[in-house]
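Undergrad: Here is what each chain is made of, one letter per residue.
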Amino acid sequence: MIDSLDPIPAENIFRLDPKRRQAIPYFSAQVQAGFPSPADNIIETSLNLQDLCVAHPDCTYFVKATGESMLGDYIFPGSILVVDSAIPIEMGNVVVCWLNGDCCVKRFLRVGKMIILEPSNENYSPIYVHKDRDTFRVLGVVTYVVSKPPRYVRPD
Amino acid sequence: MSFLNRPDMYALIDANCFYCSVERSFNPALEGKPVIVLSNRDGCVVARSNEAKDLGINMGQPFFQLAELRKQHDIAVFSSNYALYGDTSARLMSLLTHFAEDVEVYSIDEAFLLVEGFECLYPSYQDLGEIIRAKIDQWLRIPVSIGFGPTKTLAKIANRLAKKTPEHNGVCVLDTPEKIDESLKNFPVNEIWGVGRQSARKLECFDIKTADQLRKVPIDWIRQMMTVNGVRLVYELQGHPCKLLEVGQKPKKSFCTEPGFHRVTTDLAMIEDALTAHLSRVCEKLRRQNSLAGCLTVYLKTNRYRKTATGLPDKQHNPSRTIVLPHPTNNVLDMIHYAVGALNEIYAPDYHYQKVGIMLTDLVSADYRETNLFTAGLDEKRLKLSNAVDKLNQRFGSNKLRLASQQHNPEWPMQFQYLSKRCTTRWSEILEAK
Numbered sequence: 001m002i003d004s005l006d007p008i009p010a011e012n013i014f015r016l017d018p019k020r021r022q023a024i025p026y027f028s029a030q031v032q033a034g035f036p037s038p039a040d041n042i043i044e045t046s047l048n049l050q051d052l053c054v055a056h057p058d059c060t061y062f063v064k065a066t067g068e069s070m071l072g073d074y075i076f077p078g079s080i081l082v083v084d085s086a087i088p089i090e091m092g093n094v095v096v097c098w099l100n101g102d103c104c105v106k107r108f109l110r111v112g113k114m115i116i117l118e119p120s121n122e123n124y125s126p127i128y129v130h131k132d133r134d135t136f137r138v139l140g141v142v143t144y145v146v147s148k149p150p151r152y153v154r155p156d
Numbered sequence: 157m158s159f160l161n162r163p164d165m166y167a168l169i170d171a172n173c174f175y176c177s178v179e180r181s182f183n184p185a186l187e188g189k190p191v192i193v194l195s196n197r198d199g200c201v202v203a204r205s206n207e208a209k210d211l212g213i214n215m216g217q218p219f220f221q222l223a224e225l226r227k228q229h230d231i232a233v234f235s236s237n238y239a240l241y242g243d244t245s246a247r248l249m250s251l252l253t254h255f256a257e258d259v260e261v262y263s264i265d266e267a268f269l270l271v272e273g274f275e276c277l278y279p280s281y282q283d284l285g286e287i288i289r290a291k292i293d294q295w296l297r298i299p300v301s302i303g304f305g306p307t308k309t310l311a312k313i314a315n316r317l318a319k320k321t322p323e324h325n326g327v328c329v330l331d332t333p334e335k336i337d338e339s340l341k342n343f344p345v346n347e348i349w350g351v352g353r354q355s356a357r358k359l360e361c362f363d364i365k366t367a368d369q370l371r372k373v374p375i376d377w378i379r380q381m382m383t384v385n386g387v388r389l390v391y392e393l394q395g396h397p398c399k400l401l402e403v404g405q406k407p408k409k410s411f412c413t414e415p416g417f418h419r420v421t422t423d424l425a426m427i428e429d430a431l432t433a434h435l436s437r438v439c440e441k442l443r444r445q446n447s448l449a450g451c452l453t454v455y456l457k458t459n460r461y462r463k464t465a466t467g468l469p470d471k472q473h474n475p476s477r478t479i480v481l482p483h484p485t486n487n488v489l490d491m492i493h494y495a496v497g498a499l500n501e502i503y504a505p506d507y508h509y510q511k512v513g514i515m516l517t518d519l520v521s522a523d524y525r526e527t528n529l530f531t532a533g534l535d536e537k538r539l540k541l542s543n544a545v546d547k548l549n550q551r552f553g554s555n556k557l558r559l560a561s562q563q564h565n566p567e568w569p570m571q572f573q574y575l576s577k578r579c580t581t582r583w584s585e586i587l588e589a590k
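Sequences listed follow chains A and B, in order. Numbering-wise, the working numbering puts 60 at position 60 of the first sequence, and it's gapless, one number per residue. Take any residue in the second sequence, note its place counting from 1, add 156, and you have its number in the working numbering.
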C-alpha cells in the first residue's frame with residue numbers, strides 16, 4: 001500500500017567522501033510474525049572518544065605536554081593535547097607552536113604587531129616573539145586535553 | 157565534459173621534496189638547512205632539499221660518499237621514516253578532496269585533480285591554486301606546486317614550470333592557447349611526462365627537441381615511432397585529453413624486495429634466512445591486495461663499491477633465477493622450496509654478497525584462480541593458515557609468528573640509524589611540547 005515514495009529533494013544530496021567509512025547499524029533480530037522486539041527501533045552506535053575530540057582527522061595531531069607552564073589551563077605534565085591545524089587561530093587560544101625550534105604549548109596573544117606566548121602558571125614568565133629575530137611556526141590550536149586524574153594524596 | 161562546452165581542466169599537485177618537507181613539517185628548525193633522506197638500510201640518498209641539491213648531492217648517491225661533505229656543512233640526515241611519510245601522504249590526498257571531487261592519487265606525493273564545476277567558488281584557476289597552496293601549508297606545513305592544464309600531460313608540464321620558475325610562486329596555469337604555446341616552445345622533450353630516455357634519443361635524431369616541435373608532428377609518423385602511446389602524447393600536448401583520471405587504486409603488477417645485509421656476507425645460511433624473511437613479507441603484501449603470484453625471481457647482488465684488502469675492486473657476481481610456479485599462490489609455504497632451491501642454484505661461494513632480492517610477478521587476482529587438471533591447486537587449508545598467521549602478526553606485532561627457517565637474526569633487520577620520530581602513528585613517539 002505504498003503509493004507515494006518521497007523523492008529525495010535535491011538540496012538533501014551532499015557530497016560524500018569515499019575515504020570515510022560509516023558503519024551502518026545492522027538489525028540482528030530475525031523478522032518474526034507477531035510482536036516485534038521493541039529494542040529494534042532504538043539503534044545507536046557506541047560512543048567513540050575520537051568523534052568527540054577530533055573534528056578534522058586529517059589536520060589533527062596528538063602532542064604530549066611535558067612542562068608545568070600551563071597548569072592553569074588543566075595541562076599537566078603527561079597530558080595528551082588534541083591539536084587541530086585547521087582552526088583559525090584567535091586571540092587567547094591555547095596553541096602548540098615551535099619557537100626557534102623548540103616545541104611549546106602556550107596561550108596565544110597578539111598585542112599590536114607583536115605576538116605574546118603566555119603561560120598560565122605564575123612561576124613562568126610570558127615570551128615575546130620578535131618577528132625578525134625569532135623563527136615561529138604554529139602547529140595548531142589545542143581543542144581538547146586528555147589527562148589522567150591526579151593521584152590522591154591524603155592530607156595529614 | 158562540462159555542460160557549458162568548456163574544456164576540462166586538470167591540476168597536478170606535487171609536494172616539493174616530499175620526504176624532506178615532511179621531516180621539516182615536524183621540525184621547523186630544519187627550514188633553510190640542507191636535508192637529505194636515505195633509502196632503506198641508510199644505503200643511499202633518496203630525497204634532497206633544495207639546499208642539499210645546491211651542495212651537489214645527487215639522487216641515489218651512496219651515503220658513505222658524503223662523509224667529507226658532512227664535515228664541512230651542517231647537513232640534516234634522516235633514515236626513511238615511511239610510517240610518517242605514508243601517514244602525511246594519506247592526509248594530503250584526503251585533504252585534496254576538499255577542492256575537487258575527482259582525485260587521482262598518482263604517487264606518494266602527487267595527485268591529479270579534475271577541477272571542473274568550481275568556477276563559482278574561485279574566481280580563477282590561479283586563485284584556486286593559491287588557496288590550495290595556502291591551505292596545505294596551514295594544515296600540513298608542506299610546500300606544494302600546482303600546475304593547471306587542459307590535459308594531464310599539460311598539467312604535468314605546468315607543474316614542472318611552477319616548480320622551476322620562482323616567479324610563478326608555485327602555481328602555473330596553462331589555460332589559453334597563447335600561454336600553452338609560450339611554455340611549450342622552450343620545454344625540452346625529454347622532460348615530458350611519458351617520454352623515456354630511449355624515446356627522447358630517437359626524437360632527437362629527428363631534431364625534435366622541444367614539446368612544441370613534438371606537438372606538430374604528423375600522427376602517422378609518431379605512431380610508427382612511439383606506437384599508440386606517442387599518438388596519445390601528441391594529442392595530449394595539443395590539448396585533447398586522452399589520459400583520463402584514474403580514480404581508485406590499481407592492484408600492483410609485481411612485488412619486489414631486496415633490503416641489503418648489514419655487511420657483506422659469503423654465508424649461505426645467512427642469505428637463506430634473509431630470503432625467507434623477505435619472502436614472508438612480500439607474501440603478506442600479496443595477500444593484503446588479494447593476489448596470487450605465478451612467477452618468482454631470486455637474485456643476488458655483490459657490492460660494486462667494495463674493494464679487497466689489496467685495494468683492487470672486489471669481484472662481482474649478480475646472478476638471478478626465475479621460476480614459474482606450478483600454480484599461482486600467495487603462500488610462503490608453497491614458495492619457500494622454490495625460492496631456496498633457486499638460491500642454492502645461483503649461489504657461488506667466495507663472493508661477498510650485499511643483497512638478496514625476491515621478485516614476484518605474473519600476478520593474478522585470487523578470485524580468478526583457475527584449477528589445473530594435472531597439478532594440485534591452491535591448498536585451501538594453507539590459505540586459511542596464512543590468513544590466520546597474518547591476523548596473529550597484525551595483532552601481536554610483525555614477525556611474532558614465523559617459519560622456522562626464518563631465523564630471527566637481529567643482525568640484518570632494517571637499519572635506521574637516523575630515524576625521526578613516527579609522531580603520527582605511535583603513541584610512544586608523539587611530539588612533546590613544553
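Please keep in mind that the hints were generated in silico from the structure rather than gathered at the bench. A hint or two may mislead.
Beta-carbon label-pair distances, calculated as ranges [claimed, not checked]:
| id | chain 1 | residue 1 | chain 2 | residue 2 | range |
| --- | --- | --- | --- | --- | --- |
| 1 | A | 127 | B | 357 | 54 to 62 Å |
| 2 | A | 51 | B | 352 | 42 to 50 Å |
| 3 | B | 541 | A | 51 | 48 to 56 Å |
| 4 | A | 101 | B | 361 | 49 to 57 Å |
| 5 | B | 189 | A | 50 | 49 to 57 Å |
| 6 | B | 347 | A | 127 | 31 to 39 Å |
| 7 | A | 127 | B | 189 | 41 to 49 Å |
| 8 | B | 263 | A | 53 | 44 to 52 Å |
| 9 | A | 101 | B | 502 | 45 to 53 Å |
| 10 | A | 53 | B | 502 | 26 to 34 Å |
| 11 | B | 543 | A | 122 | 34 to 42 Å |
| 12 | A | 50 | B | 263 | 26 to 34 Å |
| 13 | A | 136 | B | 224 | 33 to 41 Å |
List time: in silico DSS-like cross-link candidates among lysine-lysine, alpha-carbon distance up to 27 Å [stated by the list, open to error]:
| id | chain 1 | residue 1 | chain 2 | residue 2 |
| --- | --- | --- | --- | --- |
| 14 | B | 511 | A | 64 |
| 15 | B | 399 | B | 457 |
| 16 | B | 372 | B | 209 |
| 17 | B | 399 | A | 64 |
| 18 | A | 113 | B | 590 |
| 19 | A | 64 | A | 148 |
| 20 | A | 64 | B | 320 |
| 21 | B | 590 | A | 131 |
| 22 | A | 131 | B | 189 |
| 23 | B | 399 | A | 131 |
| 24 | B | 291 | A | 113 |
| 25 | A | 148 | B | 189 |
| 26 | A | 148 | B | 399 |
| 27 | B | 320 | B | 399 |
Covered, in the sense of this in silico footprint (three residues per stretch, anywhere, with C-beta under 8 Å from a C-beta of chain B), are these stretches of chain A [stated by the list, open to error]:
| id | stretch |
| --- | --- |
| 28 | 63 to 76 |
| 29 | 81 to 87 |
| 30 | 123 to 134 |
Where a beta carbon is used, it is the ideal one built from N, C-alpha and C, also for glycine.
Undergrad: If a hint holds in the structure, say so; if it doesn't, say that too.
TA: Tested hints:
no.: 1; hint: A:127 / B:357: 54 to 62 Å; result: holds, 59 Å
no.: 2; hint: A:51 / B:352: 42 to 50 Å; result: holds, 49 Å
no.: 3; hint: B:541 / A:51: 48 to 56 Å; result: violated, 37 Å
no.: 4; hint: A:101 / B:361: 49 to 57 Å; result: holds, 53 Å
no.: 5; hint: B:189 / A:50: 49 to 57 Å; result: violated, 36 Å
no.: 6; hint: B:347 / A:127: 31 to 39 Å; result: violated, 47 Å
no.: 7; hint: A:127 / B:189: 41 to 49 Å; result: violated, 24 Å
no.: 8; hint: B:263 / A:53: 44 to 52 Å; result: violated, 32 Å
no.: 9; hint: A:101 / B:502: 45 to 53 Å; result: holds, 50 Å
no.: 10; hint: A:53 / B:502: 26 to 34 Å; result: violated, 55 Å
no.: 11; hint: B:543 / A:122: 34 to 42 Å; result: violated, 59 Å
no.: 12; hint: A:50 / B:263: 26 to 34 Å; result: holds, 29 Å
no.: 13; hint: A:136 / B:224: 33 to 41 Å; result: holds, 35 Å
no.: 14; hint: B:511 / A:64; result: violated, 40 Å
no.: 15; hint: B:399 / B:457; result: violated, 38 Å
no.: 16; hint: B:372 / B:209; result: violated, 35 Å
no.: 17; hint: B:399 / A:64; result: violated, 46 Å
no.: 18; hint: A:113 / B:590; result: holds, 25 Å
no.: 19; hint: A:64 / A:148; result: holds, 13 Å
no.: 20; hint: A:64 / B:320; result: violated, 39 Å
no.: 21; hint: B:590 / A:131; result: holds, 21 Å
no.: 22; hint: A:131 / B:189; result: holds, 19 Å
no.: 23; hint: B:399 / A:131; result: violated, 47 Å
no.: 24; hint: B:291 / A:113; result: holds, 23 Å
no.: 25; hint: A:148 / B:189; result: violated, 39 Å
no.: 26; hint: A:148 / B:399; result: violated, 54 Å
no.: 27; hint: B:320 / B:399; result: holds, 24 Å
no.: 28; hint: 63 to 76; result: holds (count 6)
no.: 29; hint: 81 to 87; result: holds (count 3)
no.: 30; hint: 123 to 134; result: violated (count 0)
Taken one by one, the earlier hints fail for this structure at numbers 3, 5, 6, 7, 8, 10, 11, 14, 15, 16, 17, 20, 23, 25, 26, 30, listed in ascending order.
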